[in-house]
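Quick mapping for you: the protein sequence lines, in order, are chains A and B. For the first sequence, the positions run 2 to 218 when our numbering is used. For the second sequence, the positions run 2 to 218 when our numbering is used.
Don't take every hint at face value.
The list makes no distinction among identical chains, and a pair is therefore deemed to hold if it is satisfied within one copy or across any two copies.
Subject to a maximum C-alpha distance of 30 Å in a straight line, what follows is the list of computed BS3-like cross-link-like pairs (lysine-lysine) [what the hints assert, rightly or not]:
1) Lys156 x Lys144
2) Lys3 x Lys107
3) Lys216 x Lys23
4) Lys161 x Lys23
5) Lys153 x Lys142
6) Lys216 x Lys24
Source of the hints: derived by calculation from the structure; they are not laboratory data.
Number of protein chains: 2
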Amino acid sequence: MKNEILFNLTYGMYAIGVKDDKKASACIVNTVAQVCNDPNMIAVSMNHNNYSHECIVENGIFTVSVLSEDTSGAVIGALGFNSGRDIDKLSNVRHKILAEGVPVLKENICCWLLCRVVNSVETPTHTIFIAEVVAGSDEAKGKPMTYDYYHKVIKGKAPKNAPTYQAEQPEEELDGNSWVCTVCGYVYNDPDVPFEDLPDDWVCPICGAPKSAFKRK
Amino acid sequence: MKNEILFNLTYGMYAIGVKDDKKASACIVNTVAQVCNDPNMIAVSMNHNNYSHECIVENGIFTVSVLSEDTSGAVIGALGFNSGRDIDKLSNVRHKILAEGVPVLKENICCWLLCRVVNSVETPTHTIFIAEVVAGSDEAKGKPMTYDYYHKVIKGKAPKNAPTYQAEQPEEELDGNSWVCTVCGYVYNDPDVPFEDLPDDWVCPICGAPKSAFKRK
C-alpha cells in the first residue's frame, strides 16, 4: 500500500482558536468531525507538539472557525505554519475574542463553534479531543473549503504536525522556472510573472515567508 | 445556534466492511479521518445501534472503501438504509472478501483500507473506533465523493444513525409533483417524467424501496 491512497480521505479546513494564560492563539487543522448529535459533539485530532494542544489540555475549551473557499492563503499560512509559542499568530488576522477568552475569525469563514472538551484519546503522535458544541454563530454562509481545494486550488501543503502529513509526498513535475518555499512547500510557477520579477517585499501567499526563503526547483 | 451550521463540516463517503461469525456485511459512514501518520491510523464514528458496530466490537477489524463520485446511489442505499441484522446487504453489491473475512467494494471506489482497532472512545450515541491501517489497495483512482456531493448531486439524506443526522433538517421547497421516499427521504421530482409514469418495478435510487414507499409531498 502506498501512503498516497490516504489522500483520498475527505476533510475540511478549520482554524482552531485557543487561549493560554495571557493571550489567544489559533492553528489550522483539517480533521474535525461530528461524532454525536445528542448532544452535538465533535472530534478534532491535534499533534502533541502543537502549542494549541497544550492550551486545550490546560483550559479544556476551543473554537472551530470553518474556513470558506474565500479564506486567503495568507490567513492559513499565518495560523498554520508558525507556532503560537514564538509569535502572536493572530496579529495580522481579523478576529474577535469571545467572552470565554478564545478567538474566532471574523472574515471569510462559514460559521464558528465554541467547544468544551469532555474526553480525549491518545494516538502515538496525536490526541483526539472529543468536545461538546456549546454555542455557535447564528448562521452559516459561503462554501466550506475542502482540504482538496486547499491542495489543488490554493496549492497548499500539509505542515509536519498534521495527521495527514506524509514524508514522501509525491513530487510534481516542475520545469526550471518553478520556485518552492522552503518553509511550507508552496510552489510558485506563474508563467506570466517570472519569480525574479516579483517585488522584493513579496511574501509566500501560504506562510508569509520572504522571497529569500524560496529556492529554484 | 442552529444545528444546520454543523452541515458546514466537510466529510467524505465510505463503505465500512465488517464480518460476524457467519458472513460479511457493510454500512455507509461519512466520519472517517486520519488521526496519526506514524503508524497510519484512522478514526471512524459509528452509532451504537448499528449492526456493524456490534461486528467491529466483536472482531476488531474492518475495511474502509472510499466511495467515488461514480458510486451509484443504489449502492449507498443498499448499504446505508438497511440493517445487516435483517438482510444480506451485499447481495446486490459487487465486492470481494479479503483473506481476513471482511469485504471491500469492487467497483467505483477510489481505494480501500484494511484496519485493526487499537482503541475506542464513547460518546452518548456513537463509538469512535481508532484503528491502525494495516493494508490497502495498491493505488487510488477517481474522485472521492464528498458528503456535500452526496446531498446536493445525488440528493441523498442522512439516516437516523448518522452522527450528522439532525431531526430538524430544513425542508426544501417542493411543488405538488414531488414524491418523497418514506424510507430514506429521497425526493423524486423529475419534470420530464411524472412519478405516475414510472414503471411499476422502479425502485428508489438511494435505498431500493419500491414505488409504493413514496408519498406525495
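Status of the hints after comparison with the structure:
no.	hint	result
1	Lys156 x Lys144	both (18 Å within a copy, 18 Å between copies)
2	Lys3 x Lys107	between (39 Å within a copy, 19 Å between copies)
3	Lys216 x Lys23	neither (37 Å within a copy, 58 Å between copies)
4	Lys161 x Lys23	within (27 Å within a copy, 43 Å between copies)
5	Lys153 x Lys142	both (22 Å within a copy, 16 Å between copies)
6	Lys216 x Lys24	neither (35 Å within a copy, 56 Å between copies)
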